[in-house]
Structures are given as C-alpha cells and as structure tokens.
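Which chain is which? The protein sequence lines are A and B, in order.
Position 92 of the first sequence, counted from 1, bears residue number 92 in the numbering used here, the numbering being contiguous throughout.
Position 241 of the second sequence, counted from 1, bears residue number 241 in the numbering used here, the numbering being contiguous throughout.
Worth flagging that the hints you see were computed from the coordinates, not collected in a lab.
Backbone N, C-alpha and C define an ideal beta-carbon position, used for all residues, glycine too.
Check each hint, because a few of them may be wrong.
Computed cross-link-like contacts, DSS-like style, restricted to lysine-lysine with a CA-CA straight-line distance of at most 25 angstroms [to be verified]:
hint, chain 1, residue 1, chain 2, residue 2
1, B, K444, B, K284
2, A, K90, B, K284
3, A, K91, B, K284
4, B, K299, B, K410
5, A, K90, B, K327
6, B, K333, A, K91
7, B, K333, B, K299
8, A, K92, B, K299
9, A, K92, B, K455
10, B, K33, A, K92
11, B, K410, A, K90
12, B, K455, B, K333
13, A, K87, B, K299
14, B, K284, B, K299
Computed footprint of chain A on chain B; a stretch qualifies when at least three of its residues, placed anywhere within it, have a C-beta under 8 angstroms from a C-beta of chain A [unchecked claim]:
hint, segment
15, 100–114
16, 228–239
17, 336–350
Now the in silico label distances, taken between C-beta atoms and shown as ranges [stated by the list, open to error]:
hint, chain 1, residue 1, chain 2, residue 2, range
18, B, N262, A, L3, 29 to 37 angstroms
19, B, E144, A, Y5, 44 to 52 angstroms
20, B, H392, A, K90, 38 to 46 angstroms
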Amino acid sequence: MELIYLLFILVLSVFLGFALISRVPPLLHTPLMSEANAICGIIIVGALIAAGAEANSPLTIILGTSAVALATFNVVGGYLVTERMLKMFKKKDTTQ
Amino acid sequence: MNIEFIANLAYIVSSILFAFGLKLLGSPVSARKGNILSASGMFLAVLATLASGHILSLQWILIGIIIGASLGALVAFKAAMTQMPEMIALLHGCGALASVFVDWTSYHVHGAGDMTNSITLYLSIVIGGLTFTGSAIAWGKLSERLPGKAILFTGQKIVNFAIIASILILGVMFIMNPVRYDLFLAILALSLFFGIFLVIPIGGADMPVVISVLNSYSGVVACTTGFVIHNTLLIVVGSIVGANGIILSIIMCKAMNRSITNVLFGAFNTVVKKQGVVEKKEAKSISVEDAFLVLENAKSVVIIPGYGLAVAQAQHAVRELGEFLEKNGCDVKYAIHPVAGRMPGHMNVLLAEANISYDQLMEMDAINPLMENTDVAIIIGANDVVNPASRHDKASPIYGMPIINADKAKTVFVLKRSMATGFAGIENELFYYDNTRMIFGDAKQTVQALVAEFKSGQH
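Using the sequences plus the hints, can you model the full thing?
Here you go:
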C-alpha cells in the first residue's frame, strides 16, 4: 500500500515539475539548471539521517559524512551560483 | 501529535516553497526572490530533519556540513561565467554520489527489505553510479581536462553490451537474493564503469544535451533514493528536477535538429552525409571603415552571437558597440539561438554579465519575424546557426535545423577569422550571398576597431 502512495506522489510531482519548468523562459535556463542542482541537494535530508544515526561502523560514518558534505556542496554551491547569475540580469534603467 | 508528524508538515511547507521558487523563476524580475524562497525551503527541510528524532549524533553531520558548505561557497564565487557548464556538471555528479552513499548506508544498516525495496535500491545505485561517473567525464570534457572529441575504440559496442548485460543479470540475482553484499558492490562498480563509457563517445558540441540529460538523471536518483528510505520530500523534489532535465534535453535536441538517441548513441553509427553543393562564388569582404559607414546609417541592428564571441572575450566590446549604435538612434537587439553557448541559456548569462540589458536579448522565434526589417545583422562567432542551407538544401546535414534568419536582413556582416567551417564542418552558403560582407580578423579586435570609429566620429 505504501508503494502505491509513494507512486501517487511521484506521478503528481512529475506533472507539477513539467507545469512549473515549461514556464521558465530560455533566457533563464542556465540559472534554472543551477537552481535544479541546488534543490536536488535535498538529498541532504537522507544524508543527515544516514550520518546522524547511531554510529555502528566506520563504513556508515564515512558514507554518511561524505553524503552530508556532497549534498551540502550542492545546496550551498547551487543557490549561491544561481544568485550570482540572477544578479547579473538587469534592465536598461538600472544598468546605468 | 508527535515530532515526526510535525517534521512531515514542515516537509510539505518546504515543497510549497520549492514550487513557488521555481514559479518565480519564470521572470527575471522575480527570479531572485524565487531563489531565496527555494533556499529557505531547503533550510526548513534541514531543520525539520534535525529535529525529527532520527538524529542521534551531530558531530559527523557538522563536519560534513562545514566541508560541503565551504567548498560550495568557494566554487560558487570563483567559477567564471564561461565555466558554468562544468560547474553544473560537477554539481550533478556530487548530488548523484550523495544519493548513492545514502542508498549504501541504508542497505548496510537495514538491508534491502522486501522485493519492491530491493528493486528501487537496485535502480537507485545503477542510475546514481552512472550519473556520477558520467558527470565526472562531462566535467572533464567541458573543462578541457579531457579531450572534447568523441572517444571511440574498436569493440566499444561489445564492451557496452557486456556491461549492460552484466548489470541486468546481476540485478536479477540481487533482487532474488538481496542479502548478497558482493552483488550489491559489483552492480555499483559496473554502474560506475557504465557512466564512463556512456559519455566518452559524445563529442564536445553535444554537451548541452548531455548536461540536460544528466540533470534529469540526478533528479531521478534523488527520487529513487526517496523510495529506498521512504522519504516523500525526496520523491517530490527528485521528480521536479527530473522533469526539468527532460524539458531542457528536448529543447536542446530540437534546436540541433537531432533526436536524443542520435546525440547519445550517434557516434556509434556515424554516417558521412553528402555535402550540399555550394555554388563557389567569391565571398566579399569589407573594411572596418566601410562597415562603420553602413552601421552609422543603420536604423536597426541585430547582433547574433555564438560561442566564438565568448572565446574571444568580446562581450564587453560588443556591449560598447551596442551603446554607441543606440546613441546614434539605432535599435539594437541580440538574437540568441538555443545552442549558442555550451549549455541551455549559457549565452544569455554571458551577455548579462557584460551588462547587456535582458530585454534586448531575443529568442530565435521572437527575432525571426523582425529580420526582414533589420538593416544590419552582425554575426559574431556563430556559423551553423545562421546557415540558410538548413531551410532549403535537403542534402545538407543540418537540413531542418531551426536557424536565425540572418540572411533576411538588408546587410549581413560576418566577423570571422578565416573562411574555415564551423563545429559541424559544413560550408555556410550565407557567406557567399550578395548582401553578405565578411570582416576578417579577431572578433574582439574588429569590434573594438568599430567602437574606435564611433568614438572618433563623435568629435
């Protein structure tokens, strides 16, 4: 039953994704991609659980800590670089 | 109401913030607000997870966060705008590897569980593994640490087939008997190899598609990991990112007039197409001084940039030229072909960095109807995307590819080093048209010379 419920979420989210992304103009496709990278860093949620569980072996500590580091890299790098790019898109009146 | 329930409520709020963030990315006016909304959604998700009661020790988490955040900030501030494609490839790879590690930890601690769980775990490590190494190769090619050309060797097809077959066979064995740790590791190792073999045969010019496809995969991995650890937020976000990659891949393929299978597997069956016959006329060149006189009288100018412009670092010089033209009462626009850069939307970022107002950056479909009323089209560093052969010459390899109709302008200036052909190695008949004038030389120097003419003309 749980599988069906998760699949249900999956299908609706795919539709939501298509609806949202198709409205983004080509002008912003590069920031869109880095934004997607940033939110893909949501894997940090899984990584935190992996790294924060009771440490039962060196392997899980290494895997968990690396997962947290990699996911944080995505989140921080993704949002900052998106911000840097979006800041450059200016209209004439403000460029002068 | 327990703490887990509250954490899940917070996840719902996070998804709403992500969705609104992407919605606001629909316009350059609201995009920055969208980015901040999205980032606060992420912050909330992290807090909710930390408070959810699953976290028993913080020390390793803190170490991971400090390392990841400092490296992330460093790379984000240091990367030049021309390096954006490789930065994105790097982020794809890191996201995928993080997912693989989460899957692995879950398997190590809890085992694979029932059959549906073993299937999702299997899918997750296969896609995660190949996305990681595939992104690493794409990063290497884009940053020119690896040769950009398609790498082909004899027996490549057989090797690929053997890898795919082993991944499938081992997969079935693993799903039947998920306690086999050795099978888990073998599948992961094979998937890592497969990612390498998947991307090395793809040439540098096709990287915009590869990046978009890898973007989609990185979303799919987050999604499958969500199934493995039963986390709905991962599923929601992963599918949105997956959809993002699919849409961008389709846009890039359409712009290059190729199917996705042709881009990804095309190198294996390269057909040498017949070259369209170009009437060998003499291309007419024009001096900078004469070009200036034409531009001085122009009422409307469309500048068509290609990646060559970024290579020559001519963006700032071009912006200066545009400003002088505007002062002269001329209407200046920039026509951007979807594959003008190294990734979707890349050229827009490069021009925005040079302080060119974004309302002057026009998409191909928006600019084409205006080309007939344009006095001068200036082509800088672009070639195949303005080749009129794609409209009428069925023998040409680029027949059917959507182009910017530069040839419809009253006068066309082509800034070019020599008569050499473009990426696709195709002769461009536009150079021999009656209304075309070539300005030979380095793009940046030519534009600077034109700017100098305008400057001296003011006195």
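Hint-by-hint comparison with the structure:
1. B:K444 - B:K284: Within the cut-off at roughly 21 angstroms; holds.
2. A:K90 - B:K284: Given that 25 angstroms is the threshold and the Cα spacing comes to 38 angstroms, the pair is violated.
3. A:K91 - B:K284: Given pair K91 (chain A), K284 (chain B) is violated - Cα atoms ~37 angstroms apart, limit 25 angstroms.
4. B:K299 - B:K410: Holds, because 11 angstroms separates the two Cα atoms, which is no more than 25 angstroms.
5. A:K90 - B:K327: 19 angstroms, holds
6. B:K333 - A:K91: 13 angstroms, holds
7. B:K333 - B:K299: 12 angstroms, holds
8. A:K92 - B:K299: Distance ~19 angstroms between K92 (chain A) and K299 (chain B) Cα, so the pair holds.
9. A:K92 - B:K455: 21 angstroms, holds
10. B:K33 - A:K92: Since the Cα atoms of K33 (chain B) and K92 (chain A) sit roughly 20 angstroms apart, the hinted pair holds (cutoff 25 angstroms).
11. B:K410 - A:K90: 30 angstroms, violated
12. B:K455 - B:K333: Holds: K455 (chain B) and K333 (chain B) sit about 21 angstroms apart, inside 25 angstroms.
13. A:K87 - B:K299: 31 angstroms, violated
14. B:K284 - B:K299: Given that 25 angstroms is the threshold and the Cα spacing comes to 23 angstroms, the pair holds.
15. 100–114: That given contact holds, which follows from 7 residues of the segment 100–114 of chain B lying within Cβ reach (below 8 angstroms) of chain A.
16. 228–239: Held - the segment 228–239 of chain B has 11 residues with a Cβ nearer than 8 angstroms to chain A, which meets the minimum of three.
17. 336–350: As far as the segment 336–350 of chain B goes, the hint holds, because 9 residues have Cβ atoms under 8 angstroms from chain A.
18. B:N262 - A:L3: 29 to 37 angstroms: 36 angstroms, holds
19. B:E144 - A:Y5: 44 to 52 angstroms: 47 angstroms, holds
20. B:H392 - A:K90: 38 to 46 angstroms: For H392 (chain B) and K90 (chain A) the Cβ distance comes to about 40 angstroms; the hint holds.
Hints 2, 3, 11, 13 from the earlier list are contradicted by this structure; the remaining hints agree with it.
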